[in-house]
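Novice: Order-wise, the sequence lines are chains B and S. Each residue of the first sequence is one higher than the one before, starting from 1 at the first, in the UniProt record's numbering. Each residue of the second sequence is one higher than the one before, starting from 1 at the first, in the UniProt record's numbering.
Take every hint as true, because none was put in to throw you off.
The calculated DMTMM-like cross-link candidates involving lysine to aspartate or glutamate, where the alpha carbons are at most 25 angstroms apart (straight line), are: (1) 585(B) x 521(S); (2) 597(S) x 609(S); (3) 501(S) x 365(B); (4) 585(S) x 505(B); (5) 356(S) x 566(B); (6) 501(S) x 521(B); (7) 356(B) x 566(S); (8) 460(S) x 521(S); (9) 453(B) x 593(S); (10) 597(S) x 448(B); (11) 460(B) x 448(B).
Calculated from the model, a selection of chain B residues having no Cβ within reach of chain S, i.e. all distances over 12 angstroms: (12) 113; (13) 196; (14) 216; (15) 288; (16) 425.
The hints are simulated quantities; they were obtained by calculation from the structure and are not laboratory data. The C-beta atom is built at its ideal place from N, Cα and C for all residues, glycine as well.
2 protein chains.
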Amino acid sequence: MIPRRKHNASSGSLPPPDDKHASNDYILSDGGARDGWRAALRRRFNRKTLHKRIPITSWLPQYNAEKAIGDVIAGITVGLTVIPQSLAYSNIAGLPPQYGLYGSFFGCFIYILLGGCRAVPAGPTAIASLLTWQVAGGVIEKAILLNFLTGLVELLMGVLGLGFLINFVSGPVSSGFTSAVALMIATSQVKDMFAISVTGTTFLQQWISIFRNIHNASLWDPVLGFVCIALLLSMRKIGMIKLGEKSAEGPSTRQKVLTKCMWLLGTCRNAIVVVVTGVLGFWFVATHGTSPVRLMADNAPDGAIPSGVPIPQLPPFGYVRADNSTADFLDMVSELGSGLLVIPLIVLLEDIAICKAFSDGRTIDATQEMIALGVANVGNSFMQAYPGGGSLARSVVSNGSGVKTTFSGLYTGVMVILALQFFTQYFEFIPKAALAAVIISAILFMVEYDVIKPMWRAKKLDLIPGVGTFVLCLTLPIELGILTGVVVNIIFILYHAARPKFSVEMLKTEQGVEYLMITPDRCLMFPSVDYVRRLVTKCATSSSVPVVIECTHIYSADYTAAKSIEQLTADFHARQQPLYFYNVKPSVCSIFEAVAKPEHFVVFYEDDELDRLLAADERLAPRKQPPPLQA
Amino acid sequence: MIPRRKHNASSGSLPPPDDKHASNDYILSDGGARDGWRAALRRRFNRKTLHKRIPITSWLPQYNAEKAIGDVIAGITVGLTVIPQSLAYSNIAGLPPQYGLYGSFFGCFIYILLGGCRAVPAGPTAIASLLTWQVAGGVIEKAILLNFLTGLVELLMGVLGLGFLINFVSGPVSSGFTSAVALMIATSQVKDMFAISVTGTTFLQQWISIFRNIHNASLWDPVLGFVCIALLLSMRKIGMIKLGEKSAEGPSTRQKVLTKCMWLLGTCRNAIVVVVTGVLGFWFVATHGTSPVRLMADNAPDGAIPSGVPIPQLPPFGYVRADNSTADFLDMVSELGSGLLVIPLIVLLEDIAICKAFSDGRTIDATQEMIALGVANVGNSFMQAYPGGGSLARSVVSNGSGVKTTFSGLYTGVMVILALQFFTQYFEFIPKAALAAVIISAILFMVEYDVIKPMWRAKKLDLIPGVGTFVLCLTLPIELGILTGVVVNIIFILYHAARPKFSVEMLKTEQGVEYLMITPDRCLMFPSVDYVRRLVTKCATSSSVPVVIECTHIYSADYTAAKSIEQLTADFHARQQPLYFYNVKPSVCSIFEAVAKPEHFVVFYEDDELDRLLAADERLAPRKQPPPLQA
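Turn these sequences into a full structure, and let the hints guide you.
Specialist: Have a look at this one:
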């Protein structure tokens, strides 16, 4: 009477004759961790694992001239983006400008060997810079140690397979967090745009401070800043124009060249603005001895940015505080506190999101990304850099420039080294307002207001963690904000686990015996079992017909569920009402059978079994009906 | 080709002709909270709600002589258990003996009106006493205020419908907690058994202290204690004997009377031991002026237990500390701390577990239990009692004595009042070791070692939260122990949500086109979506046949899942591999459609649709096979 779902004999029962992957019905269990240590060891040490763990071994043998050209172009273009970006981000992190550059070359070289995603040049990122500022408070030693420990935590997470933790940050929470961070970063740049001093750590405090101090603003800093923003946004727009696309015969060669030039203008806009305003600053200082706008030299401790590549050295395991007391390693760790977990998680979250966006349909090996980023961060910490990772802005440029492999990182790194070696004395003349403009005009596109509409259409409830995380990140300390968002979202899942849905049907067997069929739609785990028992009892006591619980969708159960099923069967037994279980999965059945009394727990799998069970049940004898005439 | 699961026309399609509850196919959604305020208000104020919220209104009209007799017998028998128990439990709570009795009458009267479970006489419990000692530290004012606030929190939880929180304490965690508490309570009585002083708060610390001080033990206290335990256990055993049950004609009248007498002996064993040893203590004091064993009088501040029913008064909102400083209400609340949440939750947990055990198959209204216990606790706090609730020991006696309604609480309460009024001066002569024996011989049966075997057989993984909670409750502060157990168990659910299982089948349409059918077994929520995308991509890229994702079991999805499905469809589109979704539930489909591009997201519901889709797909043209010969 109840047909079991099965596949048509003409397809399912015949094994496919010519398929190499033939496997008629197998279950992919997670991890497959049950096939013993020996197999696990063998799996860990073979060629496939080598390709997986040191990805360069898989792509280097196929490296050719065409790929090399793509990588050279992409590497140099990214270099032109990375240099101004790094100078600006170190400002967000509250560190002297050269520290951004220190984190932009060695990590790239490591990533060539270990990285799995060609479009991710490792380096300073806006979010990591903001978090570094919040955690290390602009103390260079703490920022470097933080980078070292961040790398170790990432590595550890990769080795221990803790990557699944990132899955608990849902899309809405991630969007809310990114948007809030973007607004906070933009806010942090306002002080440089107006040349005022701003106090406070949260978004609100900073804006209050800005409105209080805005009357102290200089004239030329904001003028230069807004002109730069206007220029940057226009160049960005120009870079997106594609000439002749709409004409029937496609773009002509001239149009193609012009499009390419405009794309280059758009891509190098940051470098152009920084170079032009830097020349302007140099000219003012050379001719007037001073500049009407504040320059980068103000950020450097002695007014000069030291030149040269840093000498590799161990990260500092102690430092001298402002009050001349010394902090040892443990003091530093306790001062860094929860940042040691938050920064690795956030960096990985951002990095893996970018990898996914540029995966071209291949799967992303999150574990490998963690290992690569971990080693890159540890390596960078030896170059006195602060934490970084993959940044969306660089990846977009890299991908747009036709990157082929992670080898492009070599050219980016070499450009940064050249900049450090030969150009640092010129960086001092870059106006601070121009760098602020670079950050603001890039970061505003990270505010993901465009996800609200699809979220509203898809699932309105998801707006709660999304908007909640956004608001909380702006008002609370940022790590508390995202943590609350994650917890709220986990509560959704728990509520979901606690409140299964049921379909209830009054049916008749072919013998004409009525019965109630109750179908729960998901697994039975401890938060839901009482609810299930209560609902089944409610449905069952409203009539006295036999009850069948359809267990097709119950793919899993636990001890608490089994206890509840035992109580349920005992209740039905006490009420003299028959209760049967239909189509219980073997794994679930063995759990129930371990606890319930066998004479109360009756399972059937075929429809005609129900007829026989009902016919045999003497409890039904007084009200059993004769078979209907038409049967 | 793939038959959709549906019910046979001879049963499902015909509405049952004579069934009042006829409802051919309805879904019970949780709460049904969507039908407007007006309906909700109407639901709140009608006769059914009155019966639900003031249960006495439903059973009092049907009250008759037979029920009254059952209630009288049960009420008096419970009274004989409650009085010695209350004296002993107040010792666990670190309070003078009369405070246990103060909590054993007014709450019973309130529970008559509001209580939903006839076998639950509210009063002091072992677990609540231990927690009260841990939270209030033996300060009377704090214990009473704790009771008041516990009642308010319970009431609030009832009104706000927070009862579902209790569902997150699974069977294993609850068993581990109860067992650990039983051992801790037994440990707390060792000092009275041996008349030694014991320091330390955790289980381990206390046993270390016991072994250090055991050489100070007096001779007669442990002798009396162990004799009492032996007597109590024997009487318990005797009370369980049923004479003549095995003979063919059933027990004779004489055997029945004898069985009843033995049952009475077993039930009143605590009262018997307390009365006999009390008379012994009185005799010693009367004849020798002192007693070889320590008596209850030592517990009372001035050597005498005050007699009389307490005068109702507001709970104390301030008290004078041992160092003569005064603590006001807020000081007290902050000193009680997390106990204000832990105690209500634990009391409710215990109470509702007992209600379920004696429900006789009816559903338990957890909300009503919360309200009843909340009001009872608030009421008790006006009688200067400390927190209590339902206790398993009393419920077993009550049920065994043939209780019919909650009205039996009246007789229990009256007996306690009589004891307070006329017998308190005699309580002073009860030996402390005898009361310790009463507690130990009862509490040891709360160690649930017998759940380990079924748990092992049902689901070995559930032993982790169970044993973990047990060990942690013994080693950590008790509320941290149970919290860790709950969190570990929640992690199981989250892992479960993050790692769905798949079945993968290579099938052929009737046209002979091969396709891969992937069936995930549960909902798509954010923790699992990346895993799903990775697995589907892995399966799909290993061959290039079209892929069908069977969504029958996907009963729910969220925005993050929709984003992932969009990426998945875009990936397949980029790879030129067809991807179809089969049998997507409408609610899930609308979520996916809100995000995915419609030309990539193809859904079908009927088998022949797949044939048409595959035939129309030009991407398959080069490798489409001719229909096999036998078709």
